[in-house]
Amino acid sequence: MINGYEVVVGLEVHAELSTATKIYCGCKNSFGLEVNTQVCPICLGMPGTLPKLNERVVDYAIKMGHALNCGINRICKQDRKNYFYPDLPKSYQISQADIPLCHDGYLDIILENGTKRIGIERIHIEEDAGKLLHSDRFDGSLVDFNRCGVPLIEIVSRPDLRSSEEARIYLETIRSILRYIDISDCKMQEGSIRCDVNVSVHKPGEPFGTRCEMKNINSFSAAVRGIDYEAKRQIALIESGGRVVQETRRWDDAKGESVSMRQKEDAQDYRYFPEPDLLTIVVSEDRVKELKDSLPELPNHKILRYIKDCGLSRKDAEVIVDVPEKAELFDGCLELGCKASRLAANWIIGDISRLMNEGRQISELGITPERLKKLVEYIQDGRISNASGKIVFDELVSSSGSQNSPDIDAIIEEKSLLQVSDQAALEELAARVLAENEKSVFDYKNGKTNALGYLVGQCMKASGGKANPGAVKEIVLKRLGEL
Amino acid sequence: MKLFEYKAFELSDMLRDGKISSAELTKSVLDRIDEVEPKIDAYLTLCGESAMESAKQVDKKRMRGEELSRLAGIPIGVKDNISTKGIRTTCASRMLEGYIPVFNATVVDKLIKSDAVITGKLNMDEFAMGSSTETSYFKPTRNPFDTDCVPGGSSGGSAAAVASGEAVLALGSDTGGSIRQPASMCGVVGLKPTYGAVSRYGLVAFASSLDQIGPFGRCVKDVALLYDCISGYDRMDATSKNTQRVPCFDSLTGSARGLKIGIPEEYFAEGVEDSVKNAVMDSVARLRSEGAEVRKISLPSTKYALSAYYIIACAEASSNLARFDGVKYGYRCESPKSLIDMYERTRSEGFGREVKRRIILGTFVLSSGYFDAYYKKAKLLQERIRAEFDSALSEVDVIVTPTSPFEAFKLGDRISDPLAMYSSDICTVTVNIAGLPAVSVPCGYSGSGLPYGMQIIGRRFDEATLLNAALSHESLMGGFASPKL
Amino acid sequence: MGNSLGSDIDIMHIAKLARLKIDEEELERYKSEMTDIIKMVEEMPDIAESLELDADNAMELRKDSLEECGISRDEILKNAPKVVAGCVVVPKTVD
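Keeping their order, the protein sequence lines are chains A, B and C. Take any residue in the first sequence, count from 1 to its spot, add 32: that is its number in our numbering. Take any residue in the second sequence, count from 1 to its spot, add 4: that is its number in our numbering. Residue 58 in our numbering sits at position 71 of the third sequence, with consecutive numbering throughout.
Chain A on its own, in the form it takes in the complex (with noise of 0.2 Å):
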């Protein structure tokens, strides 16, 4: 709510697949090659030529389909959108107009205050079209076709959410699902995945108002900035006496606002229509089951599963499952009968994604399930204490990768580190640490109370700091009493 008004807002997420091969030929699907050097006539719209479609692309988009709740329409087709532009060689772009091949699904977003349902009108394929260059130094506009023909899919949201903080967990949760099915890249800076926004206001108990479509933007940050802008916009305008009025709006972040584009009435004119040269895409009722059956847990359930199985915050949960090479690592531990995972996900949130944002990935650290396991339930028990856990954990990141890396018990045997936690033991440290510490016990029993801690400190010295300091403490204290 923003002045008493709702926001409402819809998007329009649109993400290159990640398939080895562009949607309707077989030229290599990539980013950042020469220019036209990833083209041939098929892609290039040469007169005469003919798509074939990559039947890996309706897999993917079955998956995500599946991924978020929708229907298969396991028979569909594709539509010819048709518009001039200069990226898009064939002046129309293969798409799907009335039947998508997944509709009507939802996705449960995780909020602060627990899930919001958001409806999923409708995920179509189509193909992706090339880019405009532009260069001071001369007039005009180059044109590059390396894109074009890149499969896409586009991810239709009903117009559910109501803040631009719900459209940015929408945003990411979507984002995090194509991760984890494996068919994006969502790389963002690359443009492999963008989106449009839909935002219109209005009072709560009255009906929806005119929505403006915003376009051009180009991060999950940019939609957060443009949500605001474009509601605080429409509020001012109402608030002022005018009317918000349908049309498409351009998105400029380096200035934080919006510019119209085009009004309702000057509207492109897509005439849509069957395309001609593809027959009727028909997937097998087998096929369909068995992209679901390969779909893996998705992260929005992951997170609820870590919050209520393992009783992570939600932000220590969003930080596993944003990667999927540590909620795996996770999931392992967990696996394995981890009793310490609490302890499990604080190493992981803590050094292993400090080494993994200095560019290292799990797989070369040397640090398996078993291995974090047997770590953090080594600490737990107080076998070994948290500094000894470090030191036995940057030896085993430090040795990965070496022919016979050394395994956590021989670290242990190796440094000393294993804590002495044997009463007996401990009760005879600290006897002889008294002994030779009057003044201290003398300070403490006349009120100095921070003479314990240096107590505590001298016997953790004595045991070359293998001492469980909890234990010590309590002999401590006791022994104190006693005198």
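Since the hints were made in silico from the structure, they are not lab data. All residues carry an ideal CB built from backbone N, CA and C; glycine is no exception. Any given hint could turn out to be false.
Pairwise CB distance ranges (calculated) [claimed, not checked]:
| hint | chain 1 | residue 1 | chain 2 | residue 2 | range |
| --- | --- | --- | --- | --- | --- |
| 1 | A | 190 | B | 338 | 49 to 59 Å |
| 2 | C | 54 | B | 338 | 33 to 43 Å |
| 3 | A | 250 | B | 251 | 43 to 53 Å |
| 4 | C | 69 | B | 251 | 46 to 56 Å |
| 5 | C | 43 | B | 236 | 17 to 27 Å |
| 6 | A | 291 | B | 344 | 12 to 22 Å |
| 7 | C | 43 | B | 486 | 53 to 63 Å |
| 8 | A | 316 | B | 416 | 56 to 66 Å |
| 9 | C | 14 | A | 149 | 46 to 56 Å |
| 10 | C | 73 | A | 419 | 53 to 63 Å |
| 11 | A | 136 | B | 101 | 49 to 59 Å |
| 12 | C | 69 | A | 284 | 22 to 32 Å |
| 13 | C | 50 | A | 447 | 53 to 63 Å |
| 14 | B | 269 | C | 43 | 25 to 35 Å |
One-sided excerpt, in silico: chain A residues whose CB lies under 7 Å from chain C [as the list claims (entries may be wrong)]:
| hint | residue |
| --- | --- |
| 15 | 72 |
| 16 | 86 |
| 17 | 87 |
| 18 | 109 |
| 19 | 172 |
| 20 | 175 |
| 21 | 320 |
Put chains B and C on the given structure of chain A with help from the hints.
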């Protein structure tokens, strides 16, 4: 008799038996081109040198004793909307005046693989839109039987070249009659195959759901020979069908005994000249006397076919021709001031009137608010027409009709009246709408010596039965008569 | 059909959609030709059915395997009216 006058199947045997060389044959055809092309104007691009070169190559292969196809060494012309690598492919449009493709159409690859000799690219109506070859940007082609008359269209160059001996065989394309109608007007045989029988890859699309490439020849056997070469599944064309195919040439018997022929009354109605009807019915009578069974049938939705055809064809064309925008290939207007200026001037200057007219009609029927009333309705009618044909063809083997309602007309007679021009397609468009195969065979001559054609329509992917019926008719009729040039 | 849908067809608007330029003098001719064609077309009967997809007309899909066309950039762009630095050039375009 000169070599260019022989039929392809005869030449094939002569070449195989070493009686002639492909070089001699090709030379004969090229000489014929030199002789009559000024009167006919069938070619847009001649490939004399490369034709002689490939002829010599084939002869060498034959000398080495290599196993060669029946088409090896036979000079064949190709309609100019079929993509030929390295050879200008203009679609008879200013838009593609200097366009040189970087790839071959699948049918061209098949010709090359069969060692056929490609003589050049044949004139047509611009982007195959027309029924007289007069909408060609470059020049009209003349009818070899009367050079004041049109050869029909849109594959007028292909029909005229085969009729005049400027090619032994030719490829054309047929969207609403563009092979059959000129075949009829030029007294040759032309086959529009079943939709999906021949790959469209490399055929510059007019109306994707109706277009088919097909063969022209001076006799049924020649057409069967070329059809066998170009047909078959192609993974480059999603609309091409992977069905079992019977080689037509080898299955031809020429017998009409037991053949069930359907005669649809709607195709002998008003608008079809009596002399044409009579010529067709005389031919049917001859077939009956040879043991064919003839019965009347009805295809009542025929009267809507022309409308449905123009809607579907123009809608698809408006989209197919949108790629000609001055960006990637073909014509671009002089010094465009802006993108929109470039688009509008390029397209207005690059396309001829008939093409623009159809783009506008197609754009209109697809535009917001009109789609259901036009396009959707046309597609529903298409289904109805298709069902009527399927039902009729479950009772008869073939359906016989006139090909064109009238003989070849004079140049300029119909060009300014679109509806009069469109009416020449009334007997042929239904076949494309229904996706069926049909052949046009000569069936007589008018008082002024212009040929009439008879159309034989068959079941899907049953070109063999169709061509056999045609051969039977041809044997009874007496075959191709050369025009006096 | 009662009043003709095409009777007041806005040729200029349609031409704009199709990126065609039509002169005023051509306009009248287009109008009358289009009206004739539309009249013919509007004789089609109404059919109260919906278009169904034909599942028997299924297409074969392509395997996701690389097939390079083997045509160099220079070759594939040789038909382009204007090329600079391996790119096709069009008049300045900003959306």
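Worksheet item: Which hints from the list above does the structure break, by number from lowest to highest?
Response: Result: hints 3, 7, 21 break, sorted rising.
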